[in-house]
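Colleague: First to last, the sequence lines map onto chains A and B. Each residue of the first sequence is one higher than the one before, starting from 1 at the first, in the numbering used here. Each residue of the second sequence is one higher than the one before, starting from 1001 at the first, in the numbering used here.
Everything labelled a hint here was simulated from the structure, so no lab data went into it. Cβ atoms here follow ideal geometry from the backbone N, Cα and C, with glycine treated the same way. A few of these clues could be false.
[Claimed, not checked] Here are the in silico distance ranges between beta carbons for each label pair:
{"#": "1", "chain 1": "B", "residue 1": "1039", "chain 2": "A", "residue 2": "361", "range": "15 to 21 Å"}
{"#": "2", "chain 1": "A", "residue 1": "138", "chain 2": "B", "residue 2": "1010", "range": "55 to 61 Å"}
{"#": "3", "chain 1": "A", "residue 1": "310", "chain 2": "B", "residue 2": "1066", "range": "35 to 41 Å"}
{"#": "4", "chain 1": "A", "residue 1": "149", "chain 2": "B", "residue 2": "1039", "range": "41 to 47 Å"}
{"#": "5", "chain 1": "A", "residue 1": "332", "chain 2": "B", "residue 2": "1041", "range": "53 to 59 Å"}
{"#": "6", "chain 1": "A", "residue 1": "361", "chain 2": "B", "residue 2": "1325", "range": "52 to 58 Å"}
{"#": "7", "chain 1": "A", "residue 1": "330", "chain 2": "B", "residue 2": "1044", "range": "29 to 35 Å"}
{"#": "8", "chain 1": "B", "residue 1": "1210", "chain 2": "A", "residue 2": "332", "range": "43 to 49 Å"}
{"#": "9", "chain 1": "B", "residue 1": "1325", "chain 2": "A", "residue 2": "360", "range": "19 to 25 Å"}
{"#": "10", "chain 1": "A", "residue 1": "129", "chain 2": "B", "residue 2": "1263", "range": "15 to 21 Å"}
{"#": "11", "chain 1": "A", "residue 1": "66", "chain 2": "B", "residue 2": "1325", "range": "41 to 47 Å"}
[As the list claims (entries may be wrong)] Straight-line distance between alpha carbons at most 20 Å, and here's what the computed SDA-like set of lysine to any residue pairs gives:
{"#": "12", "chain 1": "B", "residue 1": "1215", "chain 2": "A", "residue 2": "27"}
{"#": "13", "chain 1": "B", "residue 1": "1207", "chain 2": "A", "residue 2": "41"}
{"#": "14", "chain 1": "B", "residue 1": "1215", "chain 2": "B", "residue 2": "1056"}
{"#": "15", "chain 1": "B", "residue 1": "1215", "chain 2": "A", "residue 2": "28"}
{"#": "16", "chain 1": "B", "residue 1": "1048", "chain 2": "B", "residue 2": "1139"}
{"#": "17", "chain 1": "B", "residue 1": "1048", "chain 2": "A", "residue 2": "41"}
{"#": "18", "chain 1": "B", "residue 1": "1210", "chain 2": "A", "residue 2": "29"}
{"#": "19", "chain 1": "B", "residue 1": "1139", "chain 2": "B", "residue 2": "1116"}
{"#": "20", "chain 1": "B", "residue 1": "1048", "chain 2": "A", "residue 2": "312"}
[What the hints assert, rightly or not] Among chain A residues calculated to face chain B with C-beta under 7 Å, some are:
{"#": "21", "residue": "43"}
{"#": "22", "residue": "190"}
{"#": "23", "residue": "193"}
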Amino acid sequence: MSALITTPTGPTPAGPVGRLLRSRLVAALTTPHGVDRYLERFNPMWAAHEVRARVVSVHRETAGRDTAPVATITLEPTSTWRGHRAGQHVLVGVELPGSARRLTRAFSISSAASVPGEQITLTVRANDDGQVSKYLVREAQPGTIVHLSQAQGEFTLDESPATPTSNHLLFITGGSGITPAMSMVRTLLRDGYDGKAGRKVTFLHYARSPEDQIFADELAAIAEADNDVTVHLRHGDQVFNELELRRLVPDFRHTDTWLCGPAGLVDLVRDAYTGPDGELSPRLRMEFFKPAVARAAQPGEAVEGEVSFTRSGTTVAADGASLLEQAEAAGLSPEYGCRMGICFTCTRTKTSGTTRNVLTGEESSLPDEEIRICVTSAAGDCHVDL
Amino acid sequence: MTTTAPEKDERYHGLTAEQIEKLGEELDALRQRIIADLGEADAEYLRKVVKTQRSMEVAGRALFYLPVIGWVPAVACLSISKILDNMEIGHNVMHGQYDFLGDPAFNSRMFDWDTVCPGEQWKYSHNYIHHTFTNIVGKDRDVGYGILRMDPDQKWHPYYLGNPVYAFLLMVLFEWGVAMHDLEVENIVAGKRSLEDNKPLYPGLMKKVKRQALKDYVLFPALTGPLFPLTFAGNATANLIRNIWAFNIIFCGHFPAGVASFSEEETADETRGHWYLRQMLGSANITGSKLMHLMSGNLSHQIEHHLFPDLPARRYPEIAEEVREICERYGLPYNTGRLGKQLFSVFRKIVRYSLPGGTAKVSPVPGPDSVTDDSLAA
Chain A
1 MSALITTPTG PTPAGPVGRL LRSRLVAALT TPHGVDRYLE RFNPMWAAHE VRARVVSVHR
61 ETAGRDTAPV ATITLEPTST WRGHRAGQHV LVGVELPGSA RRLTRAFSIS SAASVPGEQI
121 TLTVRANDDG QVSKYLVREA QPGTIVHLSQ AQGEFTLDES PATPTSNHLL FITGGSGITP
181 AMSMVRTLLR DGYDGKAGRK VTFLHYARSP EDQIFADELA AIAEADNDVT VHLRHGDQVF
241 NELELRRLVP DFRHTDTWLC GPAGLVDLVR DAYTGPDGEL SPRLRMEFFK PAVARAAQPG
301 EAVEGEVSFT RSGTTVAADG ASLLEQAEAA GLSPEYGCRM GICFTCTRTK TSGTTRNVLT
361 GEESSLPDEE IRICVTSAAG DCHVDL
Chain B
1001 MTTTAPEKDE RYHGLTAEQI EKLGEELDAL RQRIIADLGE ADAEYLRKVV KTQRSMEVAG
1061 RALFYLPVIG WVPAVACLSI SKILDNMEIG HNVMHGQYDF LGDPAFNSRM FDWDTVCPGE
1121 QWKYSHNYIH HTFTNIVGKD RDVGYGILRM DPDQKWHPYY LGNPVYAFLL MVLFEWGVAM
1181 HDLEVENIVA GKRSLEDNKP LYPGLMKKVK RQALKDYVLF PALTGPLFPL TFAGNATANL
1241 IRNIWAFNII FCGHFPAGVA SFSEEETADE TRGHWYLRQM LGSANITGSK LMHLMSGNLS
1301 HQIEHHLFPD LPARRYPEIA EEVREICERY GLPYNTGRLG KQLFSVFRKI VRYSLPGGTA
1361 KVSPVPGPDS VTDDSLAA
């Protein structure tokens, strides 16, 4: 039975229709394509296994002065959405106009923890090099359909008003890294957190300028209210420093801390949480984003970079040969067929980095991209699932 | 002219090594141009075909509830659905033609089609073996599919007296033939493969066979209650119609008269240009209407498909003119004809090669001096 249900964990939408659509009988009748391939013909919001969502509204948070503009996108998910815990993220797939290619990226959910079928919001900065984020902020319209994964990630809030502890909670965020922390604070406040239990919440956030401050009004209201949540906003040149944190939260290394922000902030905070013994405090939780990609080599220029075959744990220096040849030279034996790019037997996932198609010369830095390793070479650092 | 004589000897199908490389470059450039242009129109086309196929399928399944008068339209809808699913959608999606969309529903690694052959196994024998070693006798198992003698270079054996009978059986049981193809029975008989080698294939094959049979021959008939026998017969008929159609289209791809076959020796040290040349000489097209091209999954453009197996098939008609023009300039045959003509030619081969001997009737290439660098530049 479980084999027919794609993801067996967590509650699935109840109701006789949902149960029927996920039944073995319907799976047997709709083989080999599956019931979702038929339901979508009638209504893109009908699904039995997959998750999709309709854009309900797009609300500009900031116009963007020193950084790109930010918008909050409210999504109405299909009944297959299983809800999320505060702090989790979701993979969002959009079909970009023009190229028709579907690109999928991870975004933190900014709304409070949700239950199955409930609306969620994403708060997204339209980064110049982020095709999906630019699309969501600038082009998505109410009614646009996007593809979703279930919520994922362990950067979550375990505390709730019902948790019988007096833990102090500390959030340190920078830029759009505020979104998962906002989901956590919103969840606490929504669920009746009133601070009377003697639990303190400290929210320390860094933004480029007041104009680039996301959720400015809501944060002001939270700071104003009698809820024991203190909000510290830092703008412009004010960078994180340990002394200031020590003043706000003297015992920070022993305080449950959630950290999310750009690499510079993360490095500084990590150092602060590293004790004299060199140990990183276990109370610090961090959300990682994919590391920046090394610059691609120009055609003809010697390739510099490392190819990591992540599954086997092998790393070799990029030498311009095809990734298949490089893998074989490193003692791996990946599956292959024609070795000329026509049979797709050797297709693997490049999780990050820049590669060049040796047939077309085209370079690509898309993460989680399927590549034919027999006709693809590294054009810089790259990670291949092999 | 005597000074050029040694070079003439090196000509292959009328072309010098340099000309073959130039041919390869021209085709690479053509391929490049189409790849750069892929986008929304291709996505829209595929989704439209898929929508039509799914609608046909739903309509076909539903019409079986209409006793007597619904039966013929039901079979028609279901046949069209299966033909579209297998040819314009399945064959092409599993070639990776639409991988660029990034849509898991149309990804070559995830897609499976409405036939008993598991897509995973077909991709090995088709995308890799057949498309890489096209028409190399002894390497391309699609030359006679291990059952038929379709080339004079296949050694005759009294078994081949049954050629026409085997071809007929393969036609009516085509989906089963395709599913069994990966078991390489002929190589087991020849002692080149052991039964042990097939063991890993059985679970996937059995799973797919069971699912397809359960759907078409048990569940959908049972859902129509007392009409069970009619629905059962209707589903079997739709599968049969698809089998006959697919067999006929596919046999026109490489077996009509004039299509060249190759030896392992002559293809041992192939360049990309040589590979292109072999694909052109080893394939044949079918002329016809737009509907004909759609229903054949654009395999009516077999030549273009073999040159560019990973380009969306809807692009083949638009590049056909250019490919034809390239063939003309290089003095190469461009084998095409109406379905009836190509089929008749295939039928003659099936009968002729059931008997010993036979000579390959490869389309003549022009004299060694007719293709010059000047004529290529034209």
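Colleague: Hint by hint, which ones does this structure get wrong, listed from lowest number up?
Modeller: Failing hints, ascending: 3, 4, 5, 6, 7, 8, 10, 11, 13, 16, 19, 20, 21, 22, 23.
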